[in-house]
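J.: Here are the chains, one letter per residue:
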Amino acid sequence: MKRFFARVLNARQLDNFLPIVAALAAFVIGAGMLLLMGTNPLTAYRAMFSGAFGNQNALAETIVKAVPLLLIGLGICISFRAKVMNIGAEGQMIVGGLISVAFGLAVDWPGWLALPLGLLIGFLGGAAWGAIPGILKAYFNVNEILSTVMMNAIAVQLMNYLLGGPLMDPQQAQALGKLPETARLNEAYHLARLLPPTRLHAGVLIALALSFVVYVLLFHTTLGYRIRAVGFNPFASRYGGIRVPQQVVIALLLSGAFAGLAGAIQIYGLNYRMITDGSPTGFTGGAGFNGIVTALFGGLHPLGAIPASFFFGALLVGANAMQRVTQVPSSFVTVLNGMVVIFVVSAAIWKELRERQRRMAFATETSRLAELASVSETPPQG
Amino acid sequence: MSRFMKWLMPVALLALLLGACTGGQQKPAESSKPFRVAVVMPSSISDLAFSQSMYDALVGIQQEMGGPEKFEFVYSENMFKVDDAAAAIRDYASQGYDLVIAHGSQYGTSLREIAPNFPNTAFAHGTTNRTFVDEGVKNVYAYEAASNEGGYVNGVMAAKLTKSKIVGIVGPIDVGDAKLYIEGFEKGVRETDPSIQILKVFTGSFGDVALAREAADAHIAAGADVLIGTGQMVVGAIAAVDEQGGKVLWIGTQANQTKLAPKVIVANQVYDWKVVLRDIIAKIKKGQLGGEALLITLKNGGLRMEFNENFSRLGEAKPAAEAAIQGIINGTINAVP
Amino acid sequence: MDTSQLLSATVLVGILTAGIRLASPYLFAAIGEMFGQRSGVLNLGVEGQMLMGAFTAFYVTLRTGNPWLGLLAAMAVGALMGLAMAVVSVTWRAVQGISGIGFYIVGMGLSELLFKTLLGEVKVINTGFNAVNIPLLSQIPVLGEIFFRQNVMTYLAFTLVPVAWFVLYKTPLGLKIRAVGENPHAADTLGVNVAHIRYLTVTMGGVFSAMAGAALSVANLNVFQENMTAGMGFIAVALVYFGGWRPFGVLFGALLFSMVMALQIFMQVYRVPVPSEFLIMMPYVLTMIVLVLTVGRVRAPAALTKPFVRE
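Chains as they are written, first to last, in this note's numbering: chain Z, 1 to 382; chain H, 1 to 337; chain Y, 1 to 311.
Honestly, the hints are just simulated from the structure, not real lab data. Watch out, some of these pointers could steer you wrong.
Chain Y side only, calculated, beta carbon under 8 Å to chain H, not exhaustive [to be verified]:
| no. | residue |
| --- | --- |
| 1 | Leu22 |
| 2 | Gly65 |
| 3 | Ile280 |
Here are the simulated DSSO-like pairs of lysine-lysine, each with C-alpha atoms no more than 27 Å apart in a straight line [what the hints assert, rightly or not]:
| no. | chain 1 | residue 1 | chain 2 | residue 2 |
| --- | --- | --- | --- | --- |
| 4 | Z | Lys83 | Y | Lys306 |
| 5 | H | Lys247 | H | Lys263 |
| 6 | H | Lys247 | H | Lys318 |
| 7 | H | Lys285 | H | Lys70 |
| 8 | H | Lys286 | H | Lys274 |
| 9 | H | Lys247 | Y | Lys123 |
| 10 | Y | Lys123 | H | Lys274 |
| 11 | H | Lys318 | H | Lys138 |
| 12 | Y | Lys123 | H | Lys263 |
| 13 | H | Lys160 | H | Lys285 |
| 14 | Z | Lys351 | Y | Lys306 |
| 15 | Y | Lys306 | H | Lys200 |
| 16 | H | Lys283 | H | Lys263 |
| 17 | H | Lys259 | H | Lys274 |
| 18 | H | Lys259 | Y | Lys170 |
| 19 | H | Lys160 | H | Lys274 |
| 20 | H | Lys274 | H | Lys163 |
| 21 | H | Lys259 | H | Lys247 |
| 22 | H | Lys318 | H | Lys274 |
| 23 | H | Lys299 | H | Lys285 |
| 24 | H | Lys160 | H | Lys70 |
Ideal Cβ positions, reconstructed from N, Cα and C, are used throughout, including at glycine.
With the sequences and hints as input, model every part of the structure.
T.: Written out as structure tokens, the structure is:
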């Protein structure tokens, strides 16, 4: 019986639940904080769950939230696999959004042409913004963390300038309070809504399809092999005939492209115009950072990013619902999100330890079996 | 597939399961019927600026109407992400609140989409003048502040108080309410004394307190002796002004900032959304759910100048300020930039 | 005020004074981060540690009236946060980029939560570290005004640079830190406790980041507001790369960035006819350009972001 339990507890399948256990641990600490603030944790967490999954609309909002996280996460999978720390998704998403919305407002074409072109242009805009730190890293030895942090700040100012001036909605420019937002895109350019009246839009299908594309790209093409090889060991790759700088540029370029597409989809699928509020995350909503977390939660695997983005979308959407029901300060929700990140990322060590334990258990098991085998040859004494 | 996939699948499954168990939204209690308001705000209720002005107004209305039994309100703060705000607005609407306030101009697009789905709920949206009534939406009130009026008055005071004939402005980004206020201020200064130089610095965000401080210092170094500013980050500028020990003055807006630096703050333009809220609530009770744009102004009392009566040189500025207020109220002064 | 006056002596003094003051929080945070990276740990949570430091220093100073107590409390809180980061990234070997982001989010949320529950509103203190005129030195024309009329935290920040250089290159501890960051296995064979060194540097990084926050809340500004660091922590991490993991390189980067930031403010004051958004971009753009033009063959510590497992 004891051995049965030991075997169940050591089962490899249980490893998959470790992140959940870790997330629960964060929630337990959160519960303590809620009690300190005089709020019933059960009420709070119930509100969180029903806010994220409770009804059709909640579920739709969770998925809507997950779409940019997934897209950015896909890009991060590519760049981090090449050992390139792209923390510039914020800026790449902004530039993708800016270019795609400028295109959508400028042309007067049929929707079947303008919509895919608009998304493609967002994709290319993000790619261009991502290629800059790529080139700087590959050919000028400028570290990508530095350049992407700087490029984020530059993109924000570019957005503030364009939305406050050249791209501003002409109606706003006339009004008393001039809001930093563009005009609304032509009705024909909008991505389809899948489940009205919810805001679930066809962007989710694009993101899911691209997850498979990136999976194939990374694991079943030469390009993907090269990117992974560079990340695995740049020196060996070079001797193996791979042009390392080129792969670095491609990795950052692709990574930026997905962030740019995320920006375009936020506009063509959700708001139909580009809006900010003057804060650095006014347009992105912090998706650039959350996308990194999403990708790493998904094990830097394009298909792992799907459930990871869903989980994160749920966490973010549910947390806001919790604020609405219990009126805890929104900063508590921030703390909880951060703790979930830390705990889940720390959980990887348990998996490692369990693996080692299993190996040891396996070793003792085999030696015991061997012992038994040898014993059975000579009948037991007394 | 891969092991990465495997360890994340259960997360999603468990989440779905738990979600399925919790079930749908609960209906609000029907026993006693207070007027129920929900508000969604972009920054924190303690920002000493935009969001706090709405929060304070709701607290005030609650007292006027006789406490939580008569008037109940809930809020979502720091909803600076438009998508989060949209989710909150929709959720509040589906919970049957009498009035859902979207207190952020950037929420307009979302509201335009949500409001028609809840034709029996009244919405209010600020700061803007768009009610979408021209697009067939009948349940949205719009409200905004004529912050240029207080800006104008502050400009008059600054012109009266400056000895160096140089005044400085610390702004966040050059759009929206900040732009309106700043342009009103510039007009007030110019129409009082065209020889005065107006310096302007934008910090590029609402949050960078350190940069706001340096902007104020740069103004002071260039000779400015009266400063104004708008946005949450101006506390840094106020601290820099305070350090000058009275040589440089500050005039505030959006909330009463006097207690931050009682020696150097002359006056504040204060937003009192109660004026708009009273109006909207009365109309909703009569059955009108929207379709009107409202404005707080000096005339209707929604904008108020609160002078710092302990400020030593107030006498030099207050008469001119009061004259300007009267002029704006009776229409002899046009404060629109 | 017109653009031609931008080159006058008073303006230059103003820019330099402001640049030095702006540089001090970057210096604290970046030097702290540099030690961590030199030993092989990337901490992206600097921003969160700064915010916690800023709040703690402000709150304790407000309650006690003593900025030194505030600074000490901030350092203690920073040490705790650094220690937590060390546990997660050294002992539990978590992915460093992501755990750092986790600590950034926690620090941002927690500082705001504490601000809301303990203070509830923006307050200004007048008992912070005020500007101190250094006797004699502050009387030197121009230079005295720029360098020797700053606040204590600024002096501390600039003193930290040579001290950090000395520790890193001239002491056994510095040698161990560099060894652990370059080749932890070799260091381990030579009897250096890799984990201990990394715990030390990451904890120290937390202390310095918290001091950076304190330099804002009780020295440069005397005020605390939610999320007041506005991305400075991330710039500080970038400056470590800019400086090529060397204290004086970091100093150069911090000064360059802050000076250009101060310059762009003065350019707005003196009405340079360019939209403000483009002026605000200047420090970010120039930092990258300078790096492209000057960069040598600086190589990151070989073991950066790699957890150590004894084989």
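J.: All the hints need checking, so say for each whether the structure fits it.
T.: Right, here's what the structure says about each hint:
| no. | hint | result |
| --- | --- | --- |
| 1 | Leu22 | holds (6 Å) |
| 2 | Gly65 | violated (17 Å) |
| 3 | Ile280 | holds (4 Å) |
| 4 | Z:Lys83 <-> Y:Lys306 | holds (12 Å) |
| 5 | H:Lys247 <-> H:Lys263 | holds (10 Å) |
| 6 | H:Lys247 <-> H:Lys318 | holds (19 Å) |
| 7 | H:Lys285 <-> H:Lys70 | holds (13 Å) |
| 8 | H:Lys286 <-> H:Lys274 | holds (18 Å) |
| 9 | H:Lys247 <-> Y:Lys123 | holds (21 Å) |
| 10 | Y:Lys123 <-> H:Lys274 | holds (25 Å) |
| 11 | H:Lys318 <-> H:Lys138 | violated (43 Å) |
| 12 | Y:Lys123 <-> H:Lys263 | holds (15 Å) |
| 13 | H:Lys160 <-> H:Lys285 | violated (46 Å) |
| 14 | Z:Lys351 <-> Y:Lys306 | holds (18 Å) |
| 15 | Y:Lys306 <-> H:Lys200 | violated (48 Å) |
| 16 | H:Lys283 <-> H:Lys263 | violated (43 Å) |
| 17 | H:Lys259 <-> H:Lys274 | holds (22 Å) |
| 18 | H:Lys259 <-> Y:Lys170 | violated (51 Å) |
| 19 | H:Lys160 <-> H:Lys274 | violated (31 Å) |
| 20 | H:Lys274 <-> H:Lys163 | violated (37 Å) |
| 21 | H:Lys259 <-> H:Lys247 | holds (18 Å) |
| 22 | H:Lys318 <-> H:Lys274 | holds (25 Å) |
| 23 | H:Lys299 <-> H:Lys285 | holds (25 Å) |
| 24 | H:Lys160 <-> H:Lys70 | violated (46 Å) |
Against the hints set out earlier in the document, violations occur for numbers 2, 11, 13, 15, 16, 18, 19, 20 and 24.
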